[in-house]
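2 protein chains.
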Amino acid sequence: MTQPYKKVALIGLGLIASSMFWAMKRGSVAETVSGYARSPESRETARRIGLCDEVCESAAEAVKDADLIVLAVPVGAMGAVAKEIEPHLKAGATVTDVGSVKETVIEAVGPHIPDGVHFVPAHPMAGTEHSGPESGFATLFDNRWCLIVPAEGSEDEAVVRLESYWQELGANTERMEVAHHDLVCAVVSHVPHLIAYTMVGVADDLRRVSDQEVIKFSAAGFRDFTRIAASDPTMWRDVFLTNKQATIEILGRFTEELMALQRAIRTGDGEQLHAYFTHTRAIRRGILDAGQDTDAPDFGRAKVDR
Amino acid sequence: MTQPYKKVALIGLGLIASSMFWAMKRGSVAETVSGYARSPESRETARRIGLCDEVCESAAEAVKDADLIVLAVPVGAMGAVAKEIEPHLKAGATVTDVGSVKETVIEAVGPHIPDGVHFVPAHPMAGTEHSGPESGFATLFDNRWCLIVPAEGSEDEAVVRLESYWQELGANTERMEVAHHDLVCAVVSHVPHLIAYTMVGVADDLRRVSDQEVIKFSAAGFRDFTRIAASDPTMWRDVFLTNKQATIEILGRFTEELMALQRAIRTGDGEQLHAYFTHTRAIRRGILDAGQDTDAPDFGRAKVDR
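These protein sequence lines map, in sequence, to chains V and D.
Mapped onto our numbering, the consecutive letters of the first sequence carry residue numbers 24 to 329.
Mapped onto our numbering, the consecutive letters of the second sequence carry residue numbers 24 to 329.
Think of the hints as simulated: they come from the structure by calculation, not from any bench.
Owing to the predicted nature of the structure, the values given are computational and were not obtained by experimental measurement.
All C-beta atoms in this analysis are idealised placements derived from N, C-alpha and C, irrespective of residue type, glycine included.
Honestly, I wouldn't trust all of these hints.
To be verified - FRET-style restraints, in silico, Cβ to Cβ:
| no. | chain 1 | residue 1 | chain 2 | residue 2 | range |
| --- | --- | --- | --- | --- | --- |
| 1 | D | Glu197 | V | Gly293 | 29 to 37 Å |
| 2 | D | Glu272 | V | Gly275 | 18 to 26 Å |
| 3 | D | Glu272 | V | Gly293 | 17 to 25 Å |
| 4 | D | Gly275 | V | Gly50 | 45 to 53 Å |
| 5 | V | Glu180 | D | Asn166 | 51 to 59 Å |
| 6 | D | Arg198 | V | Arg286 | 29 to 37 Å |
| 7 | D | Ser62 | V | Ala313 | 27 to 35 Å |
| 8 | D | Ala114 | V | Gly275 | 26 to 34 Å |
| 9 | V | Asp234 | D | Asp234 | 36 to 44 Å |
| 10 | D | Glu77 | V | Gly275 | 52 to 60 Å |
| 11 | V | Asp228 | D | Leu311 | 16 to 24 Å |
| 12 | V | Ala305 | D | His203 | 30 to 38 Å |
| 13 | V | Thr55 | D | Ile72 | 58 to 66 Å |
| 14 | V | Gly139 | D | Arg289 | 38 to 46 Å |
Okay, chain V solo, but in the shape it has when bound (with noise of 0.2 Å):
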């Protein structure tokens, strides 16, 4: 067991904030851990299950003396919180994030860290579709991916600790460049959300279809799209105002590639069909080669024994 750092506050109590907590008592990764949460709610939430050493009142405050401070509220939020802090952050400190976007956090906290402060920026790739206070475990993280994300400047020796921090937390880590990770991320999770929640308002929207209908035959393929689309609202639109760019540049690639098949449809192209159909297969097997998912028949339904 090694404790990169003694003290660690969590500004933000969701789902991220609440699991590293979990995930930090149970390898004992640090000494203490302060936190604070905007809403009283949530402080008052954090009081009454344990959730942290010490609910602090502000930001300011619980960063006292910390030696890791991580910036775990939506990404729009970011600077407003940076600056917050700035003048009360302990020298040699590590300021990092769990962000799911990269260049713009980098951009608004970037100019609030005082000299003699690191700045490492991170991006744990776990999530469920819950959010708040009570929604963290403590294995939230085992076996995921943990981005980090040096920004200019960041000195290695402070990487080298955050990835110690996060690899103690049960994840895996790995370096990326600021606008890859960005790019890699609208492949892998903002435009297949954006996808998801699209789905599910299309499907509410059609008044020939009832709510109902949608319900009961939801294990059609459809349930994991009504998954999806239910994470935290307030996450995602930051995510999708700060990552403009990559996403609007998969997004058009997306739909080009929907216009070409539905041409194919409309045309009955089958062996074009037969053909995009018979490739993406190869993708999953890579994923479970991979261990990032299982074989187990799904749709929702476990595999029982005949």
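Using the hints, position chain D against chain V.
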């Protein structure tokens, strides 16, 4: 235990037919089950694993003396199979199918139903991403919906009998009108599948993002898409080609909504995005309340106690 049909013939031995066989055995729902698959390999596999009481060398042989004939082949092959078995059907028998599209199947199969034979189309809304004779299991239909879609001239007694048969297999049944069926399925199943195929194709095609990255970071929402996009290519090709009108209509709605959201992203309209994402949460709630999914946080992670 009731036996609506004494002898059942399964034409096609894929996921659905093999699951029907195991469900029939589980509940002694029929006395004898014969089966036929076009490929010699599938017939060989079926014999090896004990799928069907008798695996026949032709569809004509399999339907001999059968009280219920289940057409469980891709939608595009239904007409040819119906034509082949037409001279061999017993008077008073019922022909049904399990296709995901109903209007086209009725058009293709209907003309081959002789006088004195009943035709009652149906569509069990259950499946996994696996296919082939070894993918079936007895519980696939438990608590899932089987839509019964009477064709013009389906006699009520024959419809009721097929409903009780599907209930014996574990399913809930609901009658639905042909065109409405095809529209509902386009919304909850066909278009979501096409979208998933497309998104996986985009990811694969994007050379700046490596396959390795797509695979490694798939837990971030993308993994569910790859599972859906691993479904049987032939089945899905046929679904899109035969449910062309409803698919293209829903795709049009989808693209319209997606463009509106893309515009909100481009113009930075956070309020519109937030309102949209909040609204879609309600549908998810309905699905949970209806018992069609659990509220366990997923994204690939089982919740573990702290």
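Next on the checklist: To test your reading of the hints: which numbers does this structure violate?
Outcome noted: 8
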